[in-house]
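**Student:** If you want the building blocks of each chain, they are given just below.
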Amino acid sequence: MYGRKVKLRFFFILLILLTLILSAFLILKSLEENVVYFQSPTEIQSLSEVDKKKIRVGGMVKVGSISMEVKEVKFVITDFKNDINVIYSGVVPNLFTEGKGVVAEGYLKDKNFFLATKILAKHDENYMPPEVKAALEEK
Amino acid sequence: MFKHLKPNKIFLLTSKAPKYVLLAFIIILSIGLTEALILSPEDYKQSHSVRIMYVHVPAAWISLGTFSAITLLSLVGYIFKIRNFFLISKSLAPSGLLFNIIALVTGSIWGKPTWGTWWAWDARITSMLILAMFYLMYLVAWRIYKDDDKTFKITSIITLLGIINVPIIKYSVDWWNTLHQPASINILSKSSIHISMLYPLIIMTAAFALFSLLIFLMKYNTELIKIKNKGLDRL
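Taken in sequence, the protein lines are chains U and L. 68 is the number that the numbering used here gives to position 68 of the first sequence; each next residue is one higher, with no gaps. 66 is the number that the numbering used here gives to position 66 of the second sequence; each next residue is one higher, with no gaps.
Calculated from the structure, these hints are not laboratory results. We put the CB at the ideal spot given by N, CA and C, even for glycine. Mixed in with the good hints, there may be bad ones.
Claimed, not checked - The following label-pair restraints were derived from C-beta to C-beta distances:
1) Leu-20(U) / Ile-10(L): 32 to 38 Å
2) Ser-196(L) / Gly-64(U): 29 to 35 Å
3) Leu-139(L) / Thr-117(U): 38 to 44 Å
4) Asp-174(L) / Thr-42(U): 14 to 20 Å
5) Lys-19(L) / Tyr-2(U): 36 to 42 Å
6) Trp-119(L) / Gly-90(U): 14 to 20 Å
7) Ile-185(L) / Glu-72(U): 36 to 42 Å
8) Trp-175(L) / Lys-100(U): 20 to 26 Å
9) Ile-87(U) / Leu-39(L): 41 to 47 Å
Using the sequences and the accompanying hints, generate a full structural model.
**Tutor:** Shown next, in the form of structure tokens:
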């Protein structure tokens with residue numbers, strides 16, 4: 001039906017595509033540690049040693065854990081398996097609240113203590129009007 | 001089939017289309033903007049900044065869709081040697097790049113009040129930036145070479161390299177921890193966006209798609225005129 005050249009070009013494209021997909025997969029797989037934007041408290045627990053490097057820890061702000069003091073904010077990041085205590089002095093974003101996502105950038109003191117230099121609020125994928133949220137909470 | 005289309009015949013259609021597309025675009029955009037900016041509710045958490053989403057998400061969708069279309073057309077065009085497909089691809093690219101940039105900029109504007117930062121090197125945002133660079137490479141490649149065959153090959157290679165990035169953009173939020181939230185709209189499972197916010201989003205997507213079509217038609221007409229001026233009667 002099609003000429004030999006057309007078939008050859010088709011296989012040529014197919015080969016390039018497969019090679020690229022495979023290489024991209026291998027590269028991303030080996031770079032996984034650097035591709036992730038933050039680590040969870042569980043991943044912090046499983047670190048073999050505590051580095052001096054700047055890292056990011058992310059998860060949920062544990063309900064009831066935020067304590068605002070004169071100079072600093074203390075709270076707990078949890079992934080519902082492990083927790084990590086965070087101390088931060090500075091301005092927190094508006095959407096930083098208990099029970100919501102957060103990413104803290106800074107340095108590990110040890111596996112349970114994190115000194116944050118920057119706090120980012122993580123927004124989840126739920127979008128709804130306030131009335132719907134209120135109705136959901138009543139249930 | 002596509003090889004033997006006469007540029008004159010296509011031009012008869014495509015030269016008349018823009019004014020109707022423009023009219024449809026203005027109507028749909030007005031409905032979309034009224035829905036998005038006035039009628040739709042504010043979000044329970046982000047309050048009014050949710051309205052940025054009605055520009056951000058459609059722009060991102062269109063730029064991803066356009067790049068996929070360009071790749072498909074370029075590769076089929078390369079395999080079957082269809083010149084017309086390359087011209088269509090070339091005419092699609094500028095609006096794709098425009099919407100890619102709009103997605104990045106609106107994302108940044110939304111990120112500041114929501115996350116507390118203008119920019120984060122997370123997987124979704126960075127891969128979207130890479131897509132913009134592929135668009136740019138693609139458009140620059142069209143201007144470099146005099147020889148058409150060479151241009152067709154090089155632009156095809158660029159789309160082939162760039163298309164690998166498209167599924168990475170789509171799934172980056174599922175594969176890795178990212179600051180960017182996962183998709184709210186799922187075709188197979190229940191969406192996590194309220195229906196009152198979904199309508200304006202869909203209308204705005206239709207409006208942006210019409211705008212893309214408009215820019216495409218204008219660019220494509222220019223290509224057809226160039227061909228006519230060269231005295232070629234076949235694409």
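**Student:** Does each hint fit the structure? Answer for all of them.
**Tutor:** Verification of the hints:
{"no.": "1", "hint": "Leu-20(U) / Ile-10(L): 32 to 38 Å", "in the structure": "holds, 33 Å"}
{"no.": "2", "hint": "Ser-196(L) / Gly-64(U): 29 to 35 Å", "in the structure": "holds, 32 Å"}
{"no.": "3", "hint": "Leu-139(L) / Thr-117(U): 38 to 44 Å", "in the structure": "holds, 40 Å"}
{"no.": "4", "hint": "Asp-174(L) / Thr-42(U): 14 to 20 Å", "in the structure": "holds, 18 Å"}
{"no.": "5", "hint": "Lys-19(L) / Tyr-2(U): 36 to 42 Å", "in the structure": "holds, 40 Å"}
{"no.": "6", "hint": "Trp-119(L) / Gly-90(U): 14 to 20 Å", "in the structure": "holds, 18 Å"}
{"no.": "7", "hint": "Ile-185(L) / Glu-72(U): 36 to 42 Å", "in the structure": "holds, 39 Å"}
{"no.": "8", "hint": "Trp-175(L) / Lys-100(U): 20 to 26 Å", "in the structure": "holds, 23 Å"}
{"no.": "9", "hint": "Ile-87(U) / Leu-39(L): 41 to 47 Å", "in the structure": "holds, 44 Å"}
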